[in-house]
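Residue numbers (my numbering), protein chains in the order written: chain Z, -6 to 330; chain F, -6 to 330.
Just to be clear, a hint being listed does not mean it is correct.
Heads up, the list lumps identical chains together, so a pair's fine if it works in one copy or across two of them.
BS3-like mimics (lysine-lysine), calculated; alpha carbons at most 30 Å apart, straight line [claimed, not checked]:
id, residue 1, residue 2
1, LYS319, LYS300
2, LYS164, LYS273
3, LYS179, LYS55
4, LYS98, LYS218
5, LYS319, LYS104
6, LYS179, LYS300
7, LYS323, LYS112
8, LYS300, LYS212
9, LYS179, LYS140
10, LYS104, LYS212
11, LYS98, LYS306
12, LYS273, LYS300
13, LYS273, LYS104
14, LYS164, LYS179
15, LYS179, LYS212
Please keep in mind that the hints were generated in silico from the structure rather than gathered at the bench.
Listed here are the chains, written in short residue letters.
2 protein chains.
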Amino acid sequence: MTPTRRSFLGTAALAGVLPALRPGLAKQPADPLPAWNDCPSKRAILDFVAKTTTEGGPDFVKPYDRVAVFDNDGTLWPEQPWPFEGVFAADRVRAMAAAEHPEWKTTQPFKDIIDGNVKGLIDQGLPAVIKLVAVTHTGMTTAQFDKTVRDWIATARHPRFDRPYTDLAYKPMLEVLAFLRANGYKTFIVSGGGAEFMRVWADKVYGIPPEQVVGTMFKMEYQLKGDRPDLCILPEVMLVDDKGGKPVGIEQVMGRRPVMCFGNSDGDLQMLQWTTIGRKPSFGLIVHHTDAVREWAYDKETHSSGKLVEALKQAPERGWTVVDMKADWKQVFTFKE
Amino acid sequence: MTPTRRSFLGTAALAGVLPALRPGLAKQPADPLPAWNDCPSKRAILDFVAKTTTEGGPDFVKPYDRVAVFDNDGTLWPEQPWPFEGVFAADRVRAMAAAEHPEWKTTQPFKDIIDGNVKGLIDQGLPAVIKLVAVTHTGMTTAQFDKTVRDWIATARHPRFDRPYTDLAYKPMLEVLAFLRANGYKTFIVSGGGAEFMRVWADKVYGIPPEQVVGTMFKMEYQLKGDRPDLCILPEVMLVDDKGGKPVGIEQVMGRRPVMCFGNSDGDLQMLQWTTIGRKPSFGLIVHHTDAVREWAYDKETHSSGKLVEALKQAPERGWTVVDMKADWKQVFTFKE
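Assemble the whole structure, with the sequences as input and the hints as a guide.
The structure is reproduced here in structure tokens:
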């Protein structure tokens, strides 16, 4: 937090006027979303939480039903220049090649990854990606995978910011998570990323425990060898938690429909629909990456997972709030950009 | 609660001595498990919770890690004369035959169900059961399935007790659930039953919300027809949450290992192992059905899901607590037997 922001918060708290303006938020700090500029998207979040927590009001939502889902990559932290889990996979391929698979240095699809030839990898298409995911995410126990992720996330650094990836959570979204939880909402991640990958660090980074993380899942097999029980991750996908798979993942893991949904790409279109269409009160929000200086600006011209065309087109008719990152976010990260 | 029990509780509360004996339980009622006789299994539960919630003690478990899993059929409510979900399926077949499938009255496997010929159905084997499950649990939207379960559970009555099935939760286990939650444990169901079936009533019966219910899952597909989003349940199993599938279901849905596990059959063997082997502190408990008068007495000679042989054999070496229902439970149900 910057000195400027701290003193703004202090002043507002001393003045003690803001809480009185918002029923049901008496226990909140004066401004629960200080990293947001005063703008329609900020007011939409505050208003929705206020009306759904105002007992006796027409839009009151019982605490039991206060469920909010968040996409991860591009919504809670960046997905540029590559989704971080892809960087993890590439780093793993390099480490495995060095330690036990020297032949990968001359074998595709591994050669392109080891050589840093991203274009070559993309040209190889989906089968290459599937093979990459299989060797880095499966064929080991959950304990082994947990350790590789834990070791990687503790040491890897983002190329642009030269900081651990876990430092890159968006400050405005951390504030939304905390604000919702303070108002009785349960917060869940619903991401195309691997569930087992995210569960290692989601609690530390977002305060979201493993059972509230929904992601792509691989089949597993239980084994008891001697006196050691293990779960082996098999090289077979159980659920691709993206696009139409997101409502499925929500239902399979959470067993109920959310009332709030936050995303940033067409991969989130279906869960935005599932959360909001025909349901009142409900809330959908899209983070639009418009800030080429502090973060990145992209929507149409990007890899498939970050593409934002159809969801943006549907936003006005569906009543979804669109965040203009450049205009709406006073600060993007917890550190000073 | 019977008058006798109420006055026992009142006396103990007035005496005010019990809480002082158990550190970390100061906020509990004098006896948090009044439906249990004073017996080793009751003391094992109380002691484990006391030591794992005593800050600074050698067995303290952080609130974050306090996760307890419970099998459902035979552990939280009865599974005799048939698992209740099987009765639901049979009732559905009869209703569907009457309304839209008259041909089922003369076609197997439906004919045996409609005629109440249980032996005939069993003789037809697993393919018959799979077909029965498919027509009653799949080929419809989650909203449609939810409604059929909701309608059934509101009206169906158990043949022996002539009460709604939702009245049949074991009082001693309801006390354990409440006691654990009061001590910061998150309680989950992990059952071979259908996740979507249980989620309809689990919160009402056990105070367990849908996202804390793990069960057998079917594949699903998202559809947006006109302005109506739906999830269609496909006739293909995604996970059989029984035996070795239980640790898998725990990992896929909850993403972490529990420290307490409660079961009653060999279907729970693997999750008892997964919870306890090589992990300290940890707690495993088996409900042994020994009460032919108030409930049922069975272990070896029963249908596969209720069979208790291997888990009972392993209990002493694994340190699992075995509940003798007849001796240990002062009262079985919330109503007077």
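Status of the hints after comparison with the structure:
1. Taking identical chains as interchangeable, the C-alpha atoms of LYS319 and LYS300 lie at most 30 Å apart only when both belong to the same chain, with a minimum of 18 Å there against 62 Å between chains.
2. Taking CA atoms no more than 30 Å apart as the test, LYS164 paired with LYS273 passes inside one copy only; the shortest distance there is 29 Å, against 38 Å between copies.
3. Proximity of LYS179 and LYS55 under a CA criterion of 30 Å is satisfied in both settings, with 12 Å inside one chain copy and 20 Å between copies.
4. Neither within a single protomer nor between protomers do LYS98 and LYS218 lie at most 30 Å apart by alpha-carbon distance, with minima of 34 Å and 49 Å respectively.
5. Proximity of LYS319 and LYS104 under a CA criterion of 30 Å is satisfied in neither setting, with 38 Å inside one chain copy and 66 Å between copies.
6. Within a single copy, LYS179 and LYS300 get their C-alpha atoms as close as 28 Å, which meets the 30 Å cut-off; across copies the closest is 38 Å, which misses it.
7. For a Cα distance limit of 30 Å, the shortest separation of LYS323 from LYS112 qualifies neither inside one copy, at 35 Å, nor across copies, at 70 Å.
8. Taking identical chains as interchangeable, the C-alpha atoms of LYS300 and LYS212 lie at most 30 Å apart whether they share a chain (28 Å) or sit on different chains (27 Å).
9. In this homomeric assembly, LYS179 and LYS140 come within 30 Å of each other (Cα to Cα) both inside a single copy, at 28 Å, and across copies, at 25 Å.
10. Taking the closest pair of Cα atoms, LYS104 and LYS212 come within 30 Å of each other only inside a single copy of the chain (27 Å); across copies the shortest separation is 36 Å, beyond that limit.
11. Taking identical chains as interchangeable, the C-alpha atoms of LYS98 and LYS306 are never at most 30 Å apart, the minima being 44 Å within one chain and 52 Å between chains.
12. Taking the shortest Cα distances, LYS273 and LYS300 sit within 30 Å of each other inside one copy (28 Å), while across copies they are farther apart (47 Å).
13. Within a single copy, LYS273 and LYS104 get their C-alpha atoms no closer than 52 Å, and across copies no closer than 44 Å, so neither meets the 30 Å cut-off.
14. Both within a single protomer and between protomers do LYS164 and LYS179 lie at most 30 Å apart by alpha-carbon distance, with minima of 19 Å and 29 Å respectively.
15. Within a single copy, LYS179 and LYS212 get their C-alpha atoms as close as 27 Å, and across copies as close as 25 Å, so both meet the 30 Å cut-off.
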